[in-house]
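Undergrad: For the record, the sequence lines run as chains A and B.
Letter 56 of the first sequence, counting from 1, is numbered 56 in my numbering, and no numbers are missing.
Convert by adding 1000 to the 1-based position in the second sequence; the result is the number in my numbering.
Be aware that a few hints might be false.
What the hints assert, rightly or not - Calculated pairs, DSSO-like style, for lysine-lysine (alpha carbon to alpha carbon, straight line, at most 27 Å): (1) B:Lys1186 - A:Lys97; (2) B:Lys1186 - A:Lys91; (3) B:Lys1151 - A:Lys86; (4) B:Lys1185 - B:Lys1135; (5) B:Lys1083 - B:Lys1199; (6) B:Lys1008 - A:Lys63; (7) B:Lys1185 - A:Lys86; (8) B:Lys1135 - B:Lys1219; (9) B:Lys1206 - B:Lys1027; (10) B:Lys1151 - A:Lys97; (11) B:Lys1008 - A:Lys61; (12) A:Lys97 - B:Lys1008; (13) B:Lys1186 - B:Lys1151; (14) B:Lys1185 - A:Lys97; (15) B:Lys1216 - B:Lys1135.
What the hints assert, rightly or not - A short list of chain A residues far from chain B (calculated; beta carbon distances all over 12 Å): (16) Glu45; (17) Pro68; (18) Asn70; (19) Leu74; (20) Val79; (21) Glu84; (22) Arg88; (23) Cys92.
These are calculated hints, taken from the structure and not from any lab test.
A virtual CB, placed ideally from N, CA and C, is assigned to each residue, including glycine.
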Amino acid sequence: MHEMTLAIQAIRSVVEFAQENGIENIDTVVLEIGELSLVVPEYMEEAWYAAVPHTMLERSKLKIDMVPGNGICLDCGQVYNIVENKGRCPKCGSDSKDVLCGEEFNIKEILVPEEE
Amino acid sequence: MLRTIEIKQSVFADNNREADSLRAELKEKGLFLLNLMSSPGSGKTTTLVRTIEALRDELRIGIMEADIDSDVDAHTVQDAGAKAVQLHTGGMCHLTADMTRQGLEALGTEDVDLAILENVGNLVCPAEFDTGASKSAMILSVPEGDDKPLKYPLMFTVCDCLIVNKIDVMPYFDFDYEAMCERAKKLNPNIEIIPISAKTGEGVEKWADWLRGQVKAWKEK
Ligand SMILES: Nc1nc2c(ncn2[C@@H]2O[C@H](COP(=O)(O)OP(=O)(O)O)[C@@H](O)[C@H]2O)c(=O)[nH]1
Ligand SMILES: [Mg+2]
Ligand SMILES: [Zn+2]
Ligand SMILES: [Zn+2]
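Extracted from the complex, chain A is given alone in its bound form (with noise of 0.2 Å):
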């Protein structure tokens, strides 16, 4: 369900992008998702093509790109996958870090034909 919320935002905003850029035909939408985003690819999917009947997009593709998770140790200064190491560090064992990526929802970009 988060996903449908989600889903309907992005869409929005992609059909707003194509309105003011003129462009009218979107072959493909790239959506990038980190892996720390509460959002579920394939549900992601499914909302998507669910919400997208009677809009510009109904007949674009959807590819969905996934950003790791990875964080940097407080203590220690290792980089390493969160998700992986269940959110310890795997050299000092500590905790405490910042997310460096990972959890981010984005429209990465759209492959539009290319006229003759």
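Once you've looked at the hints, dock chain B with the ligands against the given chain A.
TA: Here is chain B with the ligands on its own, set in the frame of chain A:
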């Protein structure tokens, strides 16, 4: 042939922009909006009724109900003496700033000093979506346990006030109030913590005082 057009636009950032502009408009109008969040059943509606009773003589109150089983809730708060609208969220799990703006339009705010949004009952994603509210508050009820700050840190980080509800049942639960406060303050040193029982009315006056103060400060330029 396909051409790639980079957009790199965060859907969260979009919402944040929308929220900031709504907040600026509310400030301009002197309309205070409270975003009230919690798990389902922790006592949002009951607390709202108490809040209305405490403040209805001095403030004109409008309630937007977005919680799921809230067809009942909208009536309940109306009976307590506030204006109310039911937002039809179609099973959505959080409100965006855009939806909040539509809710305010549906409510009609010309005759409202204090608008309150009863957000969808869920401690996860409403925390990620700024609604554009002047202030955010959450309710944690005693039966839910004192470890909630550890499980849902973001919610505790984004709220200005934490209401601990159902303190009347404290003797029956293994709820370490001090430990919970310590956990919440570690996440958010500025959070105001107010223990209440929406059932008996204990502590409600302190909550009403906090809210009254916030509304007053918001209206001062
Ligand atoms: N014991 C006790 N029960 C409460 C208190 N506040 C609410 N409740 C009960 O908790 C249940 C859920 O409350 P409600 O206000 O509907 O929660 P909401 O889902 O967050 O709106 C109801 O049965 C209320 O009567 C309280 O302070 N003490
Ligand atoms: Mg309710
Ligand atoms: Zn959500
Ligand atoms: Zn380390």
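Undergrad: Hints numbered earlier in the text: which of these fail when held up against the supplied structure?
TA: none
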